[in-house]
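Number of protein chains: 2
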Amino acid sequence: MNRVEEKPASPTEESPGRRTRPVLLGIVGDSAAGKTTLTKGIVNIFGAERVTAVCTDDYHRYDREARKELDITPLNPKCNYIEIMEQHLKLLSLGEPILKPVYGHSHGTLDAPELVEPREVVVVEGLLGYHTKNMRDCFDVKVYLDPPEALRRHWKMQRDTSKRNYEREQVLADLDKREPDSEAFIRPQRQHTDIVVRFHSSGPSQDVDPASLHVRLVLRPVLNHPYLVDLAEKTNVDGLQPIRLELSRDAGKPVDILEVEGALSPEAATMVESVIWEGMGLDDHDLDRDAIGLFQDGNDTLRSESLALTQLLLVSQIAKAHTTT
Amino acid sequence: MNRVEEKPASPTEESPGRRTRPVLLGIVGDSAAGKTTLTKGIVNIFGAERVTAVCTDDYHRYDREARKELDITPLNPKCNYIEIMEQHLKLLSLGEPILKPVYGHSHGTLDAPELVEPREVVVVEGLLGYHTKNMRDCFDVKVYLDPPEALRRHWKMQRDTSKRNYEREQVLADLDKREPDSEAFIRPQRQHTDIVVRFHSSGPSQDVDPASLHVRLVLRPVLNHPYLVDLAEKTNVDGLQPIRLELSRDAGKPVDILEVEGALSPEAATMVESVIWEGMGLDDHDLDRDAIGLFQDGNDTLRSESLALTQLLLVSQIAKAHTTT
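Chain order of the listed sequences is A and B. Going by this note's numbering, the residue at position 301 of the first sequence is 301; the numbering climbs one at a time, nothing skipped. Going by this note's numbering, the residue at position 33 of the second sequence is 33; the numbering climbs one at a time, nothing skipped.
Among the clues, some could well be false.
Because identical chains cannot be distinguished in the list, a pair is counted as satisfied if it fits within a single copy or across any two copies.
Claimed, not checked - Taking lysine-lysine and the DSSO-like style, the derived pairs with C-alpha atoms no more than 30 Å apart in a straight line are:
no., residue 1, residue 2
1, 253, 133
2, 40, 177
3, 253, 90
4, 133, 40
5, 78, 100
6, 68, 163
7, 253, 163
8, 90, 100
9, 90, 133
10, 234, 133
I should point out that these hints are in silico values taken from the structure, not numbers from a laboratory. Note that the coordinates shown come from a computational prediction; the quantities given were computed from them, not determined experimentally.
Please put together the full structure from these sequences, using the hints given.
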């Protein structure tokens, strides 16, 4: 990607120029499915100056008060400017700027819009990013976050009670209220994606060490995933298989399933990451392992090797899309 | 135009439909040049349900406070999202919806954006509507309001002291402050238009009866203006010529000049308007003469035959553009 030339300045009447087409990565999933955490490492690796992050929550049609009156959840497409989302994703995918609406999460208000000019990589994060075909067609890589429901509820409770000042009872009520819309509008998007990411623990309890969650990636054959077979074999030491690649079916269709053990040793993780990193041809700098795998647990920043590896695999897909556009 | 079928509902995934391309009319001119007054009659004739009015003032990049700090006037393109204006005009001209920014004139604030879905006719009114070629290319009919500077200052003083609660001294200071930008950015747009509208009085004083202003229309040969020669002859009674059509030059280029006397009698005006109206083929209803020619003078609503005729001529151009798109 270092070989790509500098993006030209905005074309003016004096110097009309063709824009560079950015790569669009979608990170879609239900509330508290881990979208922001996953995105963070990707932005870190590329550097904020090369990535534009857009959140589709900004396209809410109604503010918090109006939603209450209308008894509608933000998961409902009717609560969002879907047609404008389609238009803006299309414009971003063409390298055009947009005047993006802004939803103020702190007070639930619709604020003044802001100018967004797409950089090399555009990460689109949100609830309804793949709702229509027009939207899906704009992405180079479509990721869906699909944690087990019990884990997602655990995460939502943690976040909303610590960061958004909700009471436990409010969060539980909200989860129940949103469930029909989750089923109707959020989860059906899973089938239209290239990579499904599922962090999960071994047992039924969610109270396990969050740094040692496993990850299960469903890799649909629309993207190429070289060297994964190789990696799985290389990390197979003494019959222990911390990384396993298996042919399988998802909703009846053939897929690769990549399982990464949460207990993957830092040494094995470092080796795997090096192989992926070198395969990308980003030879201008070494991988900064501190840029990936980090997540918040209360006030602590912890590290997860399965998260790091997932982020790196997504980066490798973006890099590939970049060189082929 | 009555033969045009109903615009289809917004296309959905279920029923993709091709949108009807609307007709775009631009009404551009300096502050208080009469844009809103001219627009009103046009909206009245078509009916509000068939017209979408958009004001480019909404594309201000800075609110009133920020403009003061930056010492920049709203006439300066740098004070506006020009590239987004271009994009939105293009989208409207294709019949696509936009999420339009909103400038709150009362407090000079940038507010939450609003959805605008173009109807059959889109009237775009504002200061900088023809600033770039990309913008100009979106219009079917481009009008520029060009009153004598003394008359415009008179109008601005009237409006800003009565409706916007400014002091005389503030308005005078504002006019002087804006003059360099008017010269640099507003007036150069005149040359790129199809019709230049100049209301004016006979003498040097602006204190004449506002209902009897003359109008002088510069008609560039990019649009067809049938029956005007005819009209001028028909209204020539006893050597008095209340309507005159003359071949002339504007900035060196050949144009028609249509002069309409402010003292045009209601009888002559009615006759002229009937001819234009019938020429449009809008045979579903008669012309409502009360819909056009009206303007505010303080708290009074007055009538001007030259204004009425100007509005009707613009409507006839829109109708023509509508049948040829």
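Here is how each hint holds up against the structure:
no. : hint      : verdict
1   : 253 - 133 : within (20 Å within a copy, 51 Å between copies)
2   : 40 - 177  : within (29 Å within a copy, 47 Å between copies)
3   : 253 - 90  : within (29 Å within a copy, 42 Å between copies)
4   : 133 - 40  : within (27 Å within a copy, 40 Å between copies)
5   : 78 - 100  : both (18 Å within a copy, 19 Å between copies)
6   : 68 - 163  : within (21 Å within a copy, 37 Å between copies)
7   : 253 - 163 : neither (40 Å within a copy, 67 Å between copies)
8   : 90 - 100  : both (13 Å within a copy, 17 Å between copies)
9   : 90 - 133  : both (12 Å within a copy, 23 Å between copies)
10  : 234 - 133 : neither (39 Å within a copy, 60 Å between copies)
Hint compliance for this structure: hints 7, 10 are not met, and every other hint is.
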